[in-house]
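Asks: Given next are the chains, with one letter for each unit.
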Amino acid sequence: MSATVRDVPITAAAIRGEFPLLTNTAGGDRPLIYLDTGATAQKPQAVIDKITECYEHFNANVHRGVHPLHERITAELEASRKKIAAFLNTRPLDELDLLDDVSEIIFTSGTTMGINLVAQSWGRQFLKPGDEILLNPLEHHANIVPWQMIAAATGAKIVWCPLTADGRFDLDQFDKLLSRRTKMVAVTAMSNVLGTLPPVGEIVRRAHAVGAKVLIDAAQSAPHAPIDVQAWDADFAVFSGHKLYGPTGIGVLYGKLELLDEMGPFLGGGNMIDEVFDDHSTYKRPPFKFEAGTLPIAEAIALGTAIDCVQAWGWDVIHRQEQALLEACHERLEVIPGVTIYGPSVAHKGAIVSFTVEGIPAHDLGTSLAQRGIAVRASHHCAKPLHKCLGVDATTRASFAAYNTLAEVDALAEAIVNTQQMFFRRRG
Amino acid sequence: MSATVRDVPITAAAIRGEFPLLTNTAGGDRPLIYLDTGATAQKPQAVIDKITECYEHFNANVHRGVHPLHERITAELEASRKKIAAFLNTRPLDELDLLDDVSEIIFTSGTTMGINLVAQSWGRQFLKPGDEILLNPLEHHANIVPWQMIAAATGAKIVWCPLTADGRFDLDQFDKLLSRRTKMVAVTAMSNVLGTLPPVGEIVRRAHAVGAKVLIDAAQSAPHAPIDVQAWDADFAVFSGHKLYGPTGIGVLYGKLELLDEMGPFLGGGNMIDEVFDDHSTYKRPPFKFEAGTLPIAEAIALGTAIDCVQAWGWDVIHRQEQALLEACHERLEVIPGVTIYGPSVAHKGAIVSFTVEGIPAHDLGTSLAQRGIAVRASHHCAKPLHKCLGVDATTRASFAAYNTLAEVDALAEAIVNTQQMFFRRRG
Amino acid sequence: MSDRLDDIYDDHILDHFESPYHKGHLPCPSCAHSERNPICGDQLTLELQIADGKVQQAFFDGKGCAISQAAASMLCEHVEGRAVEELRNMPAKQMLDILNVPLTPSRQKCGLLGFKVLKTMLYSLDEPPAEPAK
Amino acid sequence: MSDRLDDIYDDHILDHFESPYHKGHLPCPSCAHSERNPICGDQLTLELQIADGKVQQAFFDGKGCAISQAAASMLCEHVEGRAVEELRNMPAKQMLDILNVPLTPSRQKCGLLGFKVLKTMLYSLDEPPAEPAK
Ligand SMILES: Cc1ncc(COP(=O)(O)O)c(C=O)c1O
Ligand SMILES: Cc1ncc(COP(=O)(O)O)c(C=O)c1O
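Protein chains in written order, with my numbering: chain A, 1 to 428; chain G, 1001 to 1428; chain L, 2001 to 2134; chain C, 3001 to 3134.
To be clear, the hints were calculated from the coordinates, so they are not data collected in a lab.
Just so you know, these numbers come straight off a predicted model, no measurement behind them.
Some hints could be false.
[As the list claims (entries may be wrong)] Below, simulated DSS-like cross-link-like pairs (lysine-lysine); rule was C-alpha separation at most 27 Å, straight line:
#1 A/K388 <-> C/K3119
#2 G/K1083 <-> C/K3093
#3 G/K1083 <-> G/K1388
#4 A/K83 <-> A/K256
#5 A/K157 <-> A/K128
#6 A/K128 <-> A/K176
#7 C/K3054 <-> G/K1284
#8 A/K284 <-> L/K2119
#9 L/K2093 <-> L/K2054
#10 C/K3119 <-> G/K1256
#11 A/K82 <-> L/K2063
#12 A/K388 <-> C/K3063
#13 C/K3023 <-> C/K3063
#14 L/K2063 <-> A/K284
#15 G/K1176 <-> G/K1157
#16 L/K2093 <-> A/K284
Please put together the full structure from these sequences, using the hints given.
Replies: Written out as structure tokens, the structure reads:
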């Protein structure tokens, strides 16, 4: 099992060994070079095995029965919730809240769902015409469109905080735009295109000074660095299981209990009600108020296993390997003529490298890299406003995890050069 | 593999053999008697294996890349969507819609999510003060609370259509309540408490006659009988994967294309947008308009496998076995003094038996049955309005699938008698 | 996990369920509070007569499973004559010890329903004693 | 599934990408229509000059990947001189045959973008020819 405590730090090579897909050869005889972790991470064997175990050994619905099967699945789910709470460093709850099974950890179907939940439940209740929601161009569509929708519904306004020239979060501009009208600042902890790492704690501090709430989109940062909701003092934080080496179909919303208690529900249905009358219902406390219907049960449990894995690997090892990959990638790509890398320097970003190659449309570059066994993503990466700032329609993105190797970075650089030779073969 | 065509019809015993959990002994040395399929179904090996295959052989995000891995996962997902469309007997689409990848099948996280989607997206657009939403007491909270919420938001009104004395849908009452004010009729295809099978096609016909739309909650019926959206002429239909022998975290919303095209989106985020501007966005056509963010990918694919299984077993075999179990259960329980079975006679219901035992609270009965190895559910079954009609706070429910055996029905009856002996041991 | 639940309906539990202690109402309680176990629908009201920092009398009313009702009955017996301060510090474990039958986590919720009502009541009593001369 | 994609950037595709046929605009087209491939952002406008039930001239404009742009260029070549009725019945497969390189499903979307624009335009032409004498 991967999730046990080790005396000696694990190596990146050993981490890689835990991922069955990376040792398979997908789509032919070439080994897979997976540089698309930013879209979704590969899954360690322990996570896959946990899903199988759920379905083969204790599959039942949760919070609903008294058979040992029911008791077991509910215990597994709630153990996962506690693991996640510890992973996010949530504060301890008091005795009465614990007796009520209250938690600040809400299971969702993913980051997108979590942000929509906050935008709708918190937004409909607290946003008025003239209120401002502060966004910046680093945001993924998941952290833009829900705010546009609730702004349209409530009369609130979207305000955009421009970036620095090198694609970093601009605290000076932020200060200028913050005001008593600012009610929500929604910000990513890591750009899924540029790798930019906005100073989340500082953003929260300044936003709170004007009375605004802050939602942190940790979807992209979660696999790369700790989330500490107490240190950040975040009001809300969201991430997806599938990017954190866990299954698809599961995500997490953290919210401060007092905020969650104030908010109305998002989805209506089973398990979230206290009482159902003919024309209205009353609701349970968080997390259940926000967990209508049958949860992604096996997925939530296996997400706990993914977190066990990350903690067994350790942030140190993860960070060191990813940093090495990032530096190597910048070094190798910067010397290729025609290649432009977007965003801040290596010192100010996480393990994502988005680039264009002059004369080769991103989509064609993606296909050519695929021909050479390399999986990257070539598109607007669900960040159209950012690409408008960059002045390009699409970029090609290589995103790394600790399971990647330096040899894979070399292969990427070589494949780019080969693609140029192929594409421009008829030129002088 | 279970999903291949057979010459000889499969037997119920062979179906049972496909479910690993039913051959395990959960929670001790007693074999598991699982009579809680109404809460969630057990999973055949083929479904579990498909999830493993996804994660070990072609895990990637969908609709986003050009590597063979991306192509494969997208092809698997879309193949599953087509299987579901065929399973629901949706109508063929025209050439341009096909070129647009349009579909009437939307992946959701479950029934609850599907109903909330319709209530919010369709409801916010089309409900006005004074409009009526017609419900009946058979409905699950998932098909009540979302309508209460949208009624409160729009000024529409919930109207309740009473049941017949034996718990059947009352078409005469329905006719009386239907009017030009009726805009939505939300009705279950099978009660999750009484097993009642409302005459869905006839309900749609009469509702359409006054211009109302109809949403069919097929969550409970899906594993037991075909869904035919064309024969029903349903406007919307929803079900959950986990009750149809598939994984948790996945569900399906069917909607008529012209309705889906008219409706605004529900969740905002990646993949559902066409263009993102500073203050608003434009959206894709269905299904993508309603599929914001990363889908439950492995779950959607494995749901396709679950449907393969159901079709390989065949509705005939399923129906015959379930009917035998239902009849046996009524026969055995009706002769136990103190037992009351709720709802219609065997001829008018599906394979669900909800009952009370005089003097034994449902929850204690549930525990006592659990002691005897039997998993049932004892509660209000997320149907409080129905229990109010029945005049009891809670019932104990045995719900069957074709994998159950007549011996299990015998064990249930015996365990009830044993519980009575235990509970009343000190009485004369 | 074991399924040795056979002992949970022992005579002690059934006694309290069938012949509960102080089921009913106090004429004028110092405080009263109701809660429900939303999963199984158990309902419970607890009423306390408090004087000199002590619970003088405790009554409960409610309906639901044998465990929740028997536990409430035992709790009423237990609290009478005890100091509010002592009860405020009573841990959940002690309530389960009083019940003294092996409860699974979901049934513990039933067993602790009365305890939860008691705790909620005692915590909300906090303010009055703090401002005695108003 | 094979990853033999090496042949997709053959000389024919690169020729059309680098020196497209009829890229630009018609002075006064009979009809024009634009679409985008929302996945990769390819953009394409097609303009047709129709007379006597035939496409007399076809121009395209747009930006995006080599496949979508080369395919549009080839499509313009293909449609000129052909009857509207014939084109209305043109199957997607024929467009892929014209391209004549092995496209994966996701790249077929690029290859068929121009074809989709053409079809949308031809279907919406339906009414005018049906009611000629207005
Ligand atoms: C009739 C009915 N509708 C809706 C639901 C809700 O389904 P889910 O919890 O999967 O969203 C259920 C199952 O609990 C049901 O039986
Ligand atoms: C920064 C960021 N936010 C949000 C999302 C959306 O996550 P999901 O698609 O899992 O809902 C993503 C991933 O696509 C992301 O990178």
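Asks: Please flag the earlier hints that this structure goes against, numbers listed from lowest up.
Replies: 1, 3, 7, 11
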